[in-house]
Amino acid sequence: MYPHERSLVEKYSDHFVIIGVNSDRGKDKLLKAMKRENISWTSFYDGGGTGGPIALQWGVRGWPTTYLIDTKGMIRFKDVRGDSLDDALGQLLIEIGVKPAEIPRTAEL
Amino acid sequence: MIDLTLALLLLCLPGSQGASAESNPVTPVFSPRPISLKVAPDRVKELEAIHDAAAEGGNRREVAEQFRPRFEALASELARSESGLSAELWLLRNHWWKRSEGTMEQISIDHAKRLIEEYKTSTQLAHLAEFSYLYGRKGLLPLMEALEAASPHDQVDAAALHALASSLRRSKDSAEQSIAREQLLRLKERYGGLAFRDTTYGAIASAMLSPHSKDSLSVGQQAPQISGADVHGESFQLTDHLGKIVLLDFWGDW
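Line by line, the protein sequences give chains A and B.
Take the working numbering: the final residue in the first sequence is number 119, and no numbers are missing along the way.
Take the working numbering: the final residue in the second sequence is number 869, and no numbers are missing along the way.
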């Protein structure tokens, strides 16, 4: 999953960021996973379990859960990944006048 | 005078002198081995790491099944120590292999009840409340009462309150929801400063009491603020990213 997301961040660095909220038990576990997956974006260690403060505030009960938030801070899509993430992101980019470039689909990676 | 008494005492200590030395060779006083200052490795943590690596990408149930005897051996060998409890808690979290012997909830409750008898310190008992999801809704209250009866310590009371509120706030019954609310307010007021995992009960209770917490947020709603330090300690505000599209990814490496 992450190579594709990374390519999106690189492609649209001016307009798109990823924020990770991790619910693993143990910060070392998170740091190890970040290294392995080559995750360089801002990541939160959410209290060391699935009942962490951020997940609770957002009411997240299933993992993974993703939210795509537009430039005005409104939640626009939920649980988009792979091709559906490409489409959703493309739509939000068009809204702010950015033409989505041709990016490889998840299946081709 | 004191020295003499000490010397006499030492002479009387079993194994220090006399006949036993002949049958059991005496260990040299000055050990030729270098003294290691390293803390003894936690064998349960080591085994958990080996298990996690083996389970990655494999059949978790099968892998856990293979590791179960090793955790059981450690649990009995290290009984009543923190490490022993870690091994027991691994077994508690991996009970589905026993499903044929009864409902999972009942097996978990019976296991937790045994641990309440065996593990007496407050931090040890508080651990048991963390796995509230294992005990089922009906089984939780009597178990938490047993836990609180076993120790009057704040840490235990806070853990039990947290477990009960976590379960009740998901109820569809509005009376139970308001009980959960009262419990959370009590948790925040009394034990807000107490540590829970890597955060505090205060932070947890506040998040649970916030208006967004009951159901997951849906499309069309304004994203709640996230503010605090990230994993590297950098301060962060979600609103700093207004003007950019944000993918918020809740994930875990399990």
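Any given hint could turn out to be false.
[What the hints assert, rightly or not] Straight-line Cα separation of at most 20 Å, PhoX-like style, residue types lysine-lysine; simulated pairs: (1) B:LYS803 / B:LYS753; (2) A:LYS21 / A:LYS109; (3) A:LYS109 / B:LYS660; (4) B:LYS660 / A:LYS37; (5) B:LYS859 / A:LYS21; (6) B:LYS859 / A:LYS82; (7) B:LYS803 / B:LYS787; (8) B:LYS859 / A:LYS88; (9) B:LYS787 / A:LYS42; (10) A:LYS39 / B:LYS859; (11) A:LYS82 / A:LYS45.
No lab work stands behind these hints, which were simulated from the structure alone.
Structure-based check of all given hints:
1. With a C-alpha separation of about 25 Å, the suggested pair LYS803 (chain B) and LYS753 (chain B) falls outside the 20 Å cut-off, and the hint is violated.
2. At most 20 Å may separate the alpha-carbon atoms for a hinted pair to count; LYS21 (chain A) and LYS109 (chain A) meet this at roughly 12 Å.
3. This hinted pair does not check out: LYS109 (chain A) and LYS660 (chain B) have alpha carbons roughly 50 Å apart, beyond 20 Å.
4. The suggested pairing of LYS660 (chain B) with LYS37 (chain A) holds, with an alpha-carbon distance near 15 Å, which does not exceed 20 Å.
5. Of the supplied pair hints, the one linking LYS859 (chain B) and LYS21 (chain A) holds, its CA atoms being roughly 14 Å apart against a limit of 20 Å.
6. Of the supplied pair hints, the one linking LYS859 (chain B) and LYS82 (chain A) holds, its CA atoms being roughly 8 Å apart against a limit of 20 Å.
7. A C-alpha spacing of about 23 Å is found between LYS803 (chain B) and LYS787 (chain B), which places the hinted pair above 20 Å, so the restraint is violated.
8. At roughly 17 Å between alpha-carbon atoms, LYS859 (chain B) and LYS88 (chain A) fall within 20 Å of each other, so this suggested pair holds.
9. A C-alpha spacing of about 39 Å is found between LYS787 (chain B) and LYS42 (chain A), which places the hinted pair above 20 Å, so the restraint is violated.
10. The suggested pairing of LYS39 (chain A) with LYS859 (chain B) is violated, with an alpha-carbon distance near 29 Å, which exceeds 20 Å.
11. The suggested pairing of LYS82 (chain A) with LYS45 (chain A) is violated, with an alpha-carbon distance near 31 Å, which exceeds 20 Å.
Violated hints for the displayed structure, listed by number in ascending order: 1, 3, 7, 9, 10 and 11.
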